[in-house]
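Chemist: The lines below spell out each chain.
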Amino acid sequence: MTDTAQSGPVLAADGRPLKASLNRALRRQKMRAMLLIAPLLFFILITFVVPIGQMLFRSVENQIVSDTLPRTTQMLGDWDASTGAAPDTPVFAALTKDLMVAVEKKQHTRLGSRLNYETTGVSSLFRKTGRKVDDMGEGYTDQFVDLDPKWEDPVFWADLMADPAASALPMTQDAYAAFADTIISEDGDDPREEQPWHTVYLSLYQDLSAGADVGSLPAEVATAQTAAVTFQTEDLIAAFADIDEDWLSVDTWQTIQTYSPAFTNGYFLNAVDRQKTPDGSEWRPEDQQIYLTLFVRTMIMSLTITFSCILLGYPVAWLLANLPMRQANLLMILVLLPFWTSLLVRTSAWKVLLQQQGVINEIVVWLGLVADDNRLALINNATGTVIAMTHILLPFMILPLYSVMKTIPPSYLRAAKSLGATNWTAFWRVYFPQSVPGIGAGSILVFILSIGYYITPEIVGGTKGVFISNRIAYHISSSLNWGLAAALGAILLVVVLLLYWAYDRIVGIDNVKLGG
Amino acid sequence: MTATDLKGAVPTPNLTGFTMPITAALGAFFGLLAGQATGAGAFFGLLSGAVVGAVLAYILVTLVPYKTGRWAAIAVMAIVGFAFGGKIGIVVGLLAGAVMGWCAYWLHTGRYRASVPPYATAGQVLWHNTFKLICGLILFFLIAPIVIIIPLSFNAQDFFTFTPEMLALDPAGFSLKHYQDFFTNDDWLRPLKNSVIIAPFATIISVSLGTLAAIGLSQSHVPFRRAIMAILISPMIVPLIISATGMFFFYSQMGLFLENTFGMSKSLSGYIKVILAHAALGIPFVIITVTATLVGFDNSLTRAAANMGATPATTFFRVQMPLILPGVISGALFAFITSFDEVVVVLFVGAAAQKTLPWQMFTGLREQISPTILAVATILVVLSILLLTTVELLRRRSERLRGMSPG
Amino acid sequence: MKLTTTLMASSALVMASTSAFADGHMASEMTIVSWGGAYSASQQAAYHDPYSEMAGVTIINDESSAEAVAKLRAMNEAGNVTWDVVDVVASDAIRLCDEGLALEIDADTQLADGDDGSKASDDFGDLLVSDCFIPQIVYSTTAGYRTDLVGDTPPTSICALFDTDTYPGMRSLEKRPINNMEWALLCDGVAKEDVYDVLETKEGQAQAFAKLDTIKDSVVWWSAGADTPQLLADGEVVMGTTYNGRLFALIEEQKQPVGMLWDAQVFDLDGWIIPTGLSPEREARALDYVKFATDTQRLADQAKYISYGPARASSAPLVGKHATLGIDMAQHMPTDPENAKNTFLYNYEWWADYRDDLDAKFQAWLSQ
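Residue numbers (my numbering), protein chains in the order written: chain F, 1 to 516; chain G, 1001 to 1407; chain W, 2001 to 2368.
One or more hints might be untrue.
[Stated by the list, open to error] Below, a list of computed lysine to any residue pairs in the SDA-like style, where the Cα atoms sit at most 20 Å apart:
{"hint": "1", "chain 1": "W", "residue 1": "Lys2321", "chain 2": "W", "residue 2": "Gln2044"}
{"hint": "2", "chain 1": "F", "residue 1": "Lys30", "chain 2": "G", "residue 2": "Phe1316"}
{"hint": "3", "chain 1": "F", "residue 1": "Lys30", "chain 2": "G", "residue 2": "Ala1306"}
{"hint": "4", "chain 1": "G", "residue 1": "Lys1132", "chain 2": "G", "residue 2": "Thr1121"}
{"hint": "5", "chain 1": "G", "residue 1": "Lys1177", "chain 2": "W", "residue 2": "Gln2254"}
{"hint": "6", "chain 1": "F", "residue 1": "Lys30", "chain 2": "G", "residue 2": "His1221"}
[Stated by the list, open to error] Here are some, though not all, of the chain F residues that point toward chain G, as calculated from beta-carbon distances under 8 Å:
{"hint": "7", "residue": "Gln29"}
{"hint": "8", "residue": "Ala33"}
{"hint": "9", "residue": "Leu41"}
{"hint": "10", "residue": "Thr47"}
{"hint": "11", "residue": "Gln54"}
{"hint": "12", "residue": "Thr341"}
{"hint": "13", "residue": "Trp350"}
{"hint": "14", "residue": "Trp366"}
{"hint": "15", "residue": "Asn423"}
{"hint": "16", "residue": "Ile451"}
{"hint": "17", "residue": "Ser469"}
{"hint": "18", "residue": "Ala473"}
{"hint": "19", "residue": "Ile476"}
Keep in mind the hints are simulated off the structure, nothing from the lab. We put the beta carbon where it would ideally sit given N, CA and C, even for glycine.
Between the sequences and the hints, there should be enough to build the whole structure, so can you do that?
Modeler: And the structure:
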């Protein structure tokens, strides 16, 4: 700053260099603008952007599997599905322990419904197994207790596990900790008063047979270790298979393994009709492919709706822009009136108008234009959706078009004609290009609004006129598959954002005008 | 205006070569429809319609003055209609009489050329009038559903059906019971009250924050303008069902926070949640309309005000605000209607105590179809006509204030 | 500017609305969620009103049952459960129970014994389809037909739905696989007891879809319970499926020319669940309400207002006349022996497994 001062700069009134002064004014102006914007920006971020982000994050979230079955998913890491055989006993032992905790916390059925989205039947598999899992490992408990009744004593267990040397029995410690935590958090009981679950004995047996060094632990443990060699082993695999054959199926285990990681692209794959496999992904069976069709249909129908809005909106906007103000405003009320009538009511009204015994069909049949047994199918199909949505979105096309056309001087058209242009040339070469921003504004508005609609298509769309949003709504409120809904929503949002970006590039978002 | 007033403007068209054939064609069209509908035969209808049209046109324009003629045509055609088609025939006859009578005078007096330059060719005049007809049809398409719901709301039955009694214009087919239901049923009045509480508050929030931000955005040097604009517009571009579910979570947590931290009642925090959600949805409309008005705003006015010693607040309220008011009002109306007609988000974010009118309509359509919904809609249509008329009057006033020529 | 006026106006608004907020804020109130319409009205009269009077509790009706599973899950995740008792269909109750969102109930200790002295678990019997579910009514999904549009031979079998030769015209079916797949198989010659075994196989599913294909072009798919009655009243469809209570209202209250086809009606259950995560006193009150509302007399009372069968065996003899029409309600119950000559039992467990899979296939089939 001193440099510029020395070279004799222009000074502002307060004696500071003009450049610095201007910079400061600019900074101030920016600050003021930001201060004005900040409250709203903050408001929108909090009330809208964060919630939407939170929602969309569900499309990759998948902690439920590893949270509910921590031991199993870890053990499954080494399992190779391509062998075609179900995992070994240790995996089933881990599953028993995980399920025991999950059942007590009532989380196993929730996991079952989650995995049922991927493999049919897992839901009841977990529900059925959950009812019987607390008997698993009972054989070991009995054998330990037969050996020494002390093993039945909760206090003995609590003390044993509190012993620093108990780290020699890692699985037992882990199983006991899970038992103690669950007892306290779920039932509010004291682990010193409750006999441990069978899974704890199962773990103890596993630790002891693995040759744990129990030298520094109470003598009962060493005795048990010697005796354990002769213990009758319990066939866990058979026990699970007894509950349901599906536990022997590679598919079941493959699903658990594939969905073990905390984050998954599985929902996104599902959203484009593919499914996750251990080595990548593949197309879903053809009779389950629906989402790509729906995305394409949503796009095509939205384009059709946008196009028919242009077709119907352009003449009306032209008329409004070229009539004297008072008349134009009266007609404007006609345009705005439906805009202010409840969407639900308008959609129901279309139903009354369009159905087979509806007003339009009755009139054309009465007039003898179509035969009574050959009534027009105007509703419960794509036609119905297009008609009703065009009607609902037409004002969004007319208003921006009108505000752009309002700014085109009528003299241009007259000048073109006086220079010898035909009516058509004058319109097409002179007027139309100037109205393109209006078409752009209206189109983007109509298109964006239409791909997000779901109530109107649900009511008048039948089977061929429903959009992807209808499936999103279904997964949100009926199937509870929120991950999939979020993935579908995220894809839809990306499409809309791309369009928005393109629109902002081509027309500029400031140029959208809604009447006013 | 009378027929003679207009005669001087353009030469009177040829009666037998122009007015009569066209009216006859129109009559033929009506005749065709009537012939089909009554079973008298298409050809017979066509022919007799054409004859009636031609005769009507001749008698009207040569013998009868405008006003009398219009009414006479309507009356004559209604009688003809009744003779052929009974009660329904009257309605059709009234319609045909009105259209044909109007058409005959419209053609004969040359008013059909009134809005095109005198040098326009016949083709241009034809196109101009066809264009107007097309626009009329599109406008009819726009209001057709509204026209439908009004008679249905007086249905004596509990369905959205035009019953035979209604079609026969039998008074027994109509009743006011759905209106009575609306005004006496708490299931409708409570939602109405909720909508009337929620929408204005949501509008106040979106308008106040939105206007400030729009003014900020319209300044010349705003960093990250595009990005900010995109964020502010986002509630409009995110598909509604995604917004609804996303908000649903976050707002549950927020409700808990409000209740625990500020000790609010569940009901109060419920209202706040819905109001905030609706305010967020309405903001893009305010931003868009106000920014658009500000594009034409002359900034030298604020500088002039500041120069004369006005504080920024005074400048805002006394100079800027009155000028951008139309934009603000139209934004406010959009925001209001967004909240007033919103069903998806409130269904998720709201609780029973905050049930709004669209929510009640939605439940009604799902659980028990009743024309009470249509009665409500009719009442709202009447209200919106009043509202729109008020806005139009306000707009005219503001243009007068700004010194623009009143249109 | 008229700033002061604006300020005064808005503070008046605030005051007006605070008084509006205040009336919903009372110490002893509970929110009961149900379906709305005539069904909620019947619950109001049979359960809510007497309970409010007896226990001095204000009951707020929330008509969100259609969104109940989704909303309960979100409330639970947010740790802010605002509902006390929720009316859901049995399959939703199973789902909620699976998700840990509904409280497990021990029928014998937490519900009232039957008037005839039977234990609650015996009185409800097989209807206790989930540990969390307290059955309230038995309803059925069945078909109704326009008596004036079916000619001289009114349909007597559910297979009339698939017989477009004898009964030409549109029919309305629910837009979901449940019930439709079963009926399709039944009418394609599969024995009643084999339906779910067949439907479990790929070939069986293909068979059901093939049967549905034969009428696909003549079907209007409905998703809201009010759709079929409206379509029948309009004459838009010749026959259609819906809940038996809706048909009762259409025939007996609205006097429409519609007949009821009880054949192969699919029984389903509707009842209460109590959300998990309530505070102990709210939970106790919810349990108290449920115990009251599902006792023998109360369940029988509801049948005075709507034609759904009480879920307790002991309530059946107490069912009387309709409250306003004065007609005998027993013969309009889906459980009435005359109506229940041929019924189909809906397999909840099976659908809990196959719902996701078959729904995907059904939707894909619909959009073909």
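Chemist: It remains to establish, for every hint, whether it holds in the given structure.
Modeler: Checked hints:
1. About 18 Å separates the Cα atoms of Lys2321 of chain W and Gln2044 of chain W, which keeps this hinted pair within 20 Å; it holds.
2. A threshold of 20 Å between alpha carbons decides the hint, and for Lys30 of chain F with Phe1316 of chain G the separation of about 18 Å falls inside it, so the pair holds.
3. Under the criterion of a C-alpha separation no larger than 20 Å, the hint pairing Lys30 of chain F with Ala1306 of chain G is consistent with the structure, at around 18 Å.
4. Distance restraint check for Lys1132 of chain G and Thr1121 of chain G: the Cα-Cα separation of roughly 17 Å lies within the 20 Å cut-off, and the hinted pair is therefore satisfied.
5. At most 20 Å may separate the alpha-carbon atoms for a hinted pair to count; Lys1177 of chain G and Gln2254 of chain W meet this at roughly 15 Å.
6. Of the supplied pair hints, the one linking Lys30 of chain F and His1221 of chain G holds, its CA atoms being roughly 6 Å apart against a limit of 20 Å.
7. A least Cβ separation of about 6 Å between Gln29 of chain F and chain G falls short of the 8 Å threshold, and the interface hint therefore holds.
8. Checking Ala33 of chain F against chain G: minimum C-beta separation of about 4 Å stays under 8 Å; hint holds.
9. Interface restraint check for Leu41 of chain F: the shortest CB-CB distance to chain G comes to about 6 Å, inside 8 Å, so the restraint holds.
10. With its C-beta approaching chain G no nearer than about 5 Å, Thr47 of chain F sits inside the 8 Å limit, and its interface hint holds.
11. The closest approach between the C-beta of Gln54 of chain F and any C-beta of chain G is roughly 6 Å, which is under the 8 Å cut-off, so the hint is satisfied.
12. The restraint placing Thr341 of chain F at the interface with chain G holds, with a minimum CB-CB distance near 6 Å, inside the 8 Å limit.
13. Of the supplied interface hints, the one on Trp350 of chain F holds, with its beta-carbon coming within about 6 Å of a beta-carbon of chain G, less than 8 Å.
14. Below 8 Å, beta-carbon pairs count as interface contacts, and Trp366 of chain F has one with chain G at about 5 Å; its hint therefore holds.
15. Look at Asn423 of chain F: its Cβ gets to within about 7 Å of chain G, closer than 8 Å, so that hint holds up.
16. Hint on Ile451 of chain F holds. Least Cβ distance to chain G is approximately 7 Å, under the 8 Å limit.
17. Residue-level restraint check for Ser469 of chain F holds (minimum Cβ-Cβ distance to chain G is 5 Å; threshold 8 Å).
18. Taking 8 Å as the C-beta cut-off, the interface hint given for Ala473 of chain F holds, the closest approach to chain G being about 5 Å.
19. Annotation: Ile476 of chain F was flagged as interfacial toward chain G, and the flag holds, the nearest CB pair being 5 Å apart, inside 8 Å.
Of the numbered hints listed earlier, not one is contradicted by the structure.
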